[in-house]
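> If you want the building blocks of each chain, they are given just below.
Number of protein chains: 2
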Amino acid sequence: MTKFNFEVQKVDGYARKGLIKTKRGDIDTPAFMPIATQGAIKFTPIEFIEQIGFDLILSNTYHLLLKPGLDRLKRADGISDYMCWKKPLLTDSGGFQVMSLSKLRKISEEGVKFQSHIDGTSYFLTPENVIDYQNIIKSDMQMVLDECIKYPENYTNVKKAMELSLRWAERSRNYYLKKKNEIYGAQFGIIHGGVHEDLREVSINETTQFDFEGYALGGLAVGEGHKKMIEVVNYTAPQLPENKIRYLMGVGRPIDIVEAVYRGVDIFDCVIPTREGRHGLAYIGNKSINLRNSKFEDDYSPLDEKSEYFVSSKYSKSYLNHLLKIKDPLGSMLISLHNLNFYYNLMQNMRKAIDRGIFEDFRAEFLRN
Amino acid sequence: MTKFNFEVQKVDGYARKGLIKTKRGDIDTPAFMPIATQGAIKFTPIEFIEQIGFDLILSNTYHLLLKPGLDRLKRADGISDYMCWKKPLLTDSGGFQVMSLSKLRKISEEGVKFQSHIDGTSYFLTPENVIDYQNIIKSDMQMVLDECIKYPENYTNVKKAMELSLRWAERSRNYYLKKKNEIYGAQFGIIHGGVHEDLREVSINETTQFDFEGYALGGLAVGEGHKKMIEVVNYTAPQLPENKIRYLMGVGRPIDIVEAVYRGVDIFDCVIPTREGRHGLAYIGNKSINLRNSKFEDDYSPLDEKSEYFVSSKYSKSYLNHLLKIKDPLGSMLISLHNLNFYYNLMQNMRKAIDRGIFEDFRAEFLRN
Numbered sequence: 001m002t003k004f005n006f007e008v009q010k011v012d013g014y015a016r017k018g019l020i021k022t023k024r025g026d027i028d029t030p031a032f033m034p035i036a037t038q039g040a041i042k043f044t045p046i047e048f049i050e051q052i053g054f055d056l057i058l059s060n061t062y063h064l065l066l067k068p069g070l071d072r073l074k075r076a077d078g079i080s081d082y083m084c085w086k087k088p089l090l091t092d093s094g095g096f097q098v099m100s101l102s103k104l105r106k107i108s109e110e111g112v113k114f115q116s117h118i119d120g121t122s123y124f125l126t127p128e129n130v131i132d133y134q135n136i137i138k139s140d141m142q143m144v145l146d147e148c149i150k151y152p153e154n155y156t157n158v159k160k161a162m163e164l165s166l167r168w169a170e171r172s173r174n175y176y177l178k179k180k181n182e183i184y185g186a187q188f189g190i191i192h193g194g195v196h197e198d199l200r201e202v203s204i205n206e207t208t209q210f211d212f213e214g215y216a217l218g219g220l221a222v223g224e225g226h227k228k229m230i231e232v233v234n235y236t237a238p239q240l241p242e243n244k245i246r247y248l249m250g251v252g253r254p255i256d257i258v259e260a261v262y263r264g265v266d267i268f269d270c271v272i273p274t275r276e277g278r279h280g281l282a283y284i285g286n287k288s289i290n291l292r293n294s295k296f297e298d299d300y301s302p303l304d305e306k307s308e309y310f311v312s313s314k315y316s317k318s319y320l321n322h323l324l325k326i327k328d329p330l331g332s333m334l335i336s337l338h339n340l341n342f343y344y345n346l347m348q349n350m351r352k353a354i355d356r357g358i359f360e361d362f363r364a365e366f367l368r369n
Numbered sequence: 370m371t372k373f374n375f376e377v378q379k380v381d382g383y384a385r386k387g388l389i390k391t392k393r394g395d396i397d398t399p400a401f402m403p404i405a406t407q408g409a410i411k412f413t414p415i416e417f418i419e420q421i422g423f424d425l426i427l428s429n430t431y432h433l434l435l436k437p438g439l440d441r442l443k444r445a446d447g448i449s450d451y452m453c454w455k456k457p458l459l460t461d462s463g464g465f466q467v468m469s470l471s472k473l474r475k476i477s478e479e480g481v482k483f484q485s486h487i488d489g490t491s492y493f494l495t496p497e498n499v500i501d502y503q504n505i506i507k508s509d510m511q512m513v514l515d516e517c518i519k520y521p522e523n524y525t526n527v528k529k530a531m532e533l534s535l536r537w538a539e540r541s542r543n544y545y546l547k548k549k550n551e552i553y554g555a556q557f558g559i560i561h562g563g564v565h566e567d568l569r570e571v572s573i574n575e576t577t578q579f580d581f582e583g584y585a586l587g588g589l590a591v592g593e594g595h596k597k598m599i600e601v602v603n604y605t606a607p608q609l610p611e612n613k614i615r616y617l618m619g620v621g622r623p624i625d626i627v628e629a630v631y632r633g634v635d636i637f638d639c640v641i642p643t644r645e646g647r648h649g650l651a652y653i654g655n656k657s658i659n660l661r662n663s664k665f666e667d668d669y670s671p672l673d674e675k676s677e678y679f680v681s682s683k684y685s686k687s688y689l690n691h692l693l694k695i696k697d698p699l700g701s702m703l704i705s706l707h708n709l710n711f712y713y714n715l716m717q718n719m720r721k722a723i724d725r726g727i728f729e730d731f732r733a734e735f736l737r738n
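First to last, the sequence lines map onto chains A and B. The first sequence: position 198 = 198 (the working numbering), numbered continuously. With the second sequence counted from 1, adding 369 to any position gets you the working numbering.
In case anyone wonders, no lab produced these hints; they're calculated from the structure. These numbers were taken from a predicted model, which means no experiment stands behind them. A hint or two may mislead.
[What the hints assert, rightly or not] Quick list of simulated restraints, FRET-style, between CB atoms: (1) B:491 with A:352: 51 to 61 Å; (2) B:416 with A:69: 30 to 40 Å; (3) B:491 with A:113: 55 to 65 Å; (4) A:3 with B:725: 47 to 57 Å; (5) A:369 with B:485: 42 to 52 Å; (6) B:487 with A:3: 54 to 64 Å; (7) A:3 with B:640: 42 to 52 Å; (8) A:314 with B:726: 39 to 49 Å; (9) A:288 with B:485: 28 to 38 Å; (10) B:392 with A:306: 30 to 40 Å; (11) B:600 with A:52: 44 to 54 Å.
Every residue, glycine too, gets a C-beta built ideally from N, C-alpha and C.
Produce the entire structure from the sequences given, and follow the hints as far as they go.
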């Protein structure tokens, strides 16, 4: 790992505007990452993602292991070049699939055994090998292996999972530091402890000992709801080292993101803008509309009259409704792009507001709407 | 119908380079039309179609009737504006569906009754109402209603269908001329007669009496094969009026197109580049490759190293194979675009060769490969 740097450029309350420098380019924070689970932003040409202005995308180690697989990724020199994405990329370790594919995995102290949901093949992930795997993927920011736990779950199990994640964090950092010269990207630790402040505190104190390049808040956006999630962010984010990147995993809706930035989070990823976009849901101003709804059949106004983005200002709601009805993936693609542009603008507006020292007003205005 | 003009600018043997002028812009011929059956080039943003350079696309009256339907097309002021396509558009009348949906239709002297393949609703197409429908669609070039007949079919039935198409052509032209001031686009007659020279001759002689703005060769590319099709084109095209557009419907593979241009055809449409592209088949140089084939899993070379088109020179065969394997429509889209660009270049190269008076050499070189 050579070039990697994070600098907080401006603080406004707890909110921060920052700059991440990586080998593949810089990222202004707060930033949102579109998701390329398996080496593609679903349905969407990467040229349009570049054009919107995104600096960072996310991919998933577990899904990439299955397809295209490590051998191809090795020969392709990493997922970014393979998918023709020229900027930085962050990868999740597979820890989220510990929860989302819970029926297909078995956890031990050593690691997690998965049975592929595609063909039944077994994959054994350990804190150590996911570092090597993410290095083959050529991730610019890689996550440690963790046990992401479902919500609700009893205190004892949340505590156990947090403690296992801590032991794995130690193994991860040791292995990473030992191999540091061979490793391409930075390494992030992940804070666990569910919705329990005492457990989160233990996790923060222990995890930050290892001096990772960044810290993720894990185990959120798993069903606990906006209020509980923000409570956790509220007492967790400010305790994390000020000079390190703070990443709220899998979050979220615009309001979740604004509230988390307000509490000092720097980067986000979420399937919402693309998954909901594929299903016809578009974010407009302070609401979302479902373009499958028959009331849009005869609405010839542009998707978003106030937007300057070509997709939003050019295509009518009626036409997008038509594309969804005839099941042409073009409709899903256009609405995904509209939503991603919406998210990009939201992040940009937050960066500007922090820069100008008016984030408090920005948030108040946002909440009023 | 106001502004519409066709001019043959250069003749080289039987091959012609021409220019069509319409209200929505000019079209250099020989030209190939990408197909937007139901108001979308399947899976593909129209911005990329513009970017390749296409001047003309095709849509289908029958499919548009079903969805989005005439009411919406009326309110949207035609399909082109609806789909954000700024250039000219040609529409088939529904005659092809007389053949392709033969189990769902009943022909009478008056017209064709269809039962929607989607919801069973009945649609009755007549030579007259398809003119009105195509006018609502705001087609720049509309086709008369015809009875497209399958291959093989016995002589008597081919003759009967050709004669019905002739009677419909007369009704079509009469109705069109009567309503000329209200009609947006030009009208094309369609020559029938299957693979029978005597029938084709009758059809040409009679159809051209009506002085349409253009003439299509119908009932080809329906199973008769390359050799028989080119035989028909060979004796049909040169008999058509020199100053009128000649359109070979539903054709075809690159070799079909080169051979038809050689015999004096001006415009073409075909699902091949997009349909085959969606299924992973890419045209490269003088051959096509199937990117689903496992031999491309580890081929990291660009789809087409010799191409300057961004899709072709940027994305590797291995990555496209991966996208097809994970069933992301992005793969289908990228390969469709590659193929459409291939077709566009083929047409452009033919236009240049005719312009330089070396089309004979161009064709010989093409056939050698």
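> A separate judgement is required for each hint: does it hold in the structure or not?
So, going through the hints one by one against the coordinates:
Look at residue 491 of chain B against residue 352 of chain A: about 58 Å separates their beta carbons, and that is inside 51 to 61 Å. The supplied range of 30 to 40 Å is met by residue 416 of chain B and residue 69 of chain A, whose beta-carbon atoms lie about 33 Å from each other. Our hint of 55 to 65 Å for residue 491 of chain B and residue 113 of chain A holds, since their Cβ atoms are close to 59 Å apart. The given range of 47 to 57 Å is respected by residue 3 of chain A and residue 725 of chain B, whose C-beta atoms sit roughly 53 Å from each other.
Here the CB-CB span from residue 369 of chain A to residue 485 of chain B is close to 44 Å, well matched to the stated 42 to 52 Å. With their beta carbons about 56 Å apart, residue 487 of chain B and residue 3 of chain A fall inside the hinted range of 54 to 64 Å. Between residue 3 of chain A and residue 640 of chain B the Cβ separation comes to about 49 Å, which falls inside the hinted range of 42 to 52 Å. Roughly 42 Å separates the CB atoms of residue 314 of chain A and residue 726 of chain B, a value that falls within the hinted 39 to 49 Å.
A beta carbon spacing of about 32 Å between residue 288 of chain A and residue 485 of chain B agrees with the range 28 to 38 Å that was offered as a hint. One distance hint, 30 to 40 Å for the beta-carbon pair residue 392 of chain B and residue 306 of chain A, holds here, with the actual separation near 31 Å. At roughly 53 Å, the beta carbons of residue 600 of chain B and residue 52 of chain A sit within the given window of 44 to 54 Å.
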